[in-house]
Structures are given as structure tokens and as C-alpha cells.
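Protein chains in written order, with the working numbering: chain B, 1 to 148; chain D, 1001 to 1062.
Hints in this document: simulated from the structure, not taken from any laboratory.
Note that the structure is a prediction, hence the values are computed from the model and not measured.
C-beta: ideal position from N, C-alpha, C; glycine also.
Accuracy of the hints is not assured; some may be wrong.
Unchecked claim - Taking beta-carbon pairs under 10 Å as the criterion, some of the chain D residues facing chain B (in silico):
{"hint": "1", "residue": "K1015"}
{"hint": "2", "residue": "A1019"}
{"hint": "3", "residue": "S1034"}
{"hint": "4", "residue": "L1052"}
{"hint": "5", "residue": "G1053"}
{"hint": "6", "residue": "E1060"}
{"hint": "7", "residue": "G1062"}
Stated by the list, open to error - Reference listing, derived: stretches of chain D covered by chain B, where coverage requires no fewer than 3 residues with Cβ under 8 Å from a Cβ of chain B:
{"hint": "8", "segment": "1021-1030"}
{"hint": "9", "segment": "1037-1048"}
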Amino acid sequence: MIDDDLVWAVRAAVYAHFAETGHAPSAAMAGARLGLSEAEAVAAFVELHRRHALFLDEATGAIRMAHPFSAIPTDFVVHANGRQYWANCAWDAFGIPAALGAAARAEMAYADTGERVRLHVPPEGAADGARVHFLLPFTRWYDDLVFT
Amino acid sequence: MAAWCHERGAAQGAKLTVAQVWALSQAWYGNRLSPDYHGRTREQVRAIFEGLGLRGAFWEVG
């Protein structure tokens, strides 16, 4: 059983890497930040996935999401601190600036029309009546995170 | 949005204004980079939703 403090330290290392680079670290990279072996970091990744603190690609074991960050390119792009980040959804495009504590420019498309939209975050004014649609109720958010 | 949901056989969810989403983002993700963030309890989730006026079955924590 992996030490609980170590699990959360790996989580913090993953998020620090995302914030600093815009990309997900491999287990080896996350482990190296803490002086851990790759195997120890992999074990922490799996435990964090079990706790919904990370979401791993089941086929590869690599990080797929560390909300609000996405490890793979998406249609929800955030520019902040001179870097580009991918968000998992429209909400997460606001979540990245919130997590970073930085102003940002977010680019996405309306789901129903496909029209591209650019927003400053924090939002300025009423943003022309735009709405963000949450498809699933909270109790189902973790059923299928890619669909959510 | 109704047509988009219908095409996918999905019920319409909740529509939040940009201001509401920003407020939720700050409450939900504002401390996500902190090494002290160790997840949150259902009670903490409920407090966030209630604090932002997000009520009803959609926001039930269970």
C-alpha cells in the first residue's frame, strides 16, 4: 500500500507540471520531481485515478485528465501566463484560469452551432448572454468523464 | 441547445451564465494547484453548490 502523503505529493507534482508546461507529465517525470521511482509514481497515479483525483487512459496508463487540464488536444483552448493549455470542456476553460490565478483568453465553439467564440477570463460584462451547458447532473459526473 | 440534446438522445442539463460558471470555477478549481488540496467531501461539494445558489435535483450531491 502506497503512503497516503506520497500519493498527494504526486498529485501536487502532476498539477505543478501541468501549470508550468501545459502538458501532462509521465510517471517518470512526476516521480523525478519527488525523487521517486517510475514504479512508485505509477502506483500513485493508479491510486489517484481510483480517488477521482486524476483520470488515466485505461489503455496506456498515461494521464488523460487532471481537471481542469486535459493531456490531449481539445476544442477548448486556454492561453494564460504565455502558455497554451487544453481544457476538458467549456467549464474547465474557465477552471484553468481559476486554478492558475491568472487572466486568460479562452477559445471554444458553441456546441449547437459550431460558432467559434473567444472569451476573456475573468469574464468582462455579460458575455453577450452566452451560456455554458452542463449536460449531466452531479451524481453522474464520474460515470464517464470523457462524455461528461 | 434543445435540438442538440435531442439529436444525442440526451436530456437538457443545466445552463449557467458565464458569470455563474466563473464563480463556480473559482470555488471548484481555485485551490486545485495547492499541495494541500486532497479532494473534497460531499459536504464541501454541497456547500459550494448552495453557496452559488445551484439548487435542485441536477445539483444534488447524493
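Results of checking the hints against the structure:
For K1015 (chain D), the interface hint holds, the least distance from its beta-carbon to any beta-carbon of chain B being 4 Å, beneath 10 Å. The criterion of a C-beta within 10 Å of any C-beta in chain B is met by A1019 (chain D), whose closest approach is roughly 6 Å, and the hint holds. The beta carbon of S1034 (chain D) comes within 8 Å of a beta carbon in chain B, closer than 10 Å, and the hint placing it at the interface holds. Look at L1052 (chain D): its Cβ only gets to about 13 Å from chain B, farther than 10 Å, so that hint breaks.
Interface hint status for G1053 (chain D): violated, as the beta-carbon distance to the closest one in chain B is roughly 14 Å, over 10 Å. Taking 10 Å as the C-beta contact cut-off toward chain B, the hint placing E1060 (chain D) at the interface holds, the least distance being around 6 Å. At its closest, the beta carbon of G1062 (chain D) sits 5 Å from a beta carbon of chain B; the interface hint therefore holds under the 10 Å criterion. Counting residues of the segment 1021-1030 of chain D whose C-beta lies closer than 8 Å to any C-beta of chain B gives 8; at least three are required, and the coverage claim holds.
For the segment 1037-1048 of chain D, the stated coverage by chain B is satisfied: 4 residues place a CB nearer than 8 Å to a CB of that chain, which reaches the threshold of 3.
In summary, the numbered hints that this structure violates are 4, 5.
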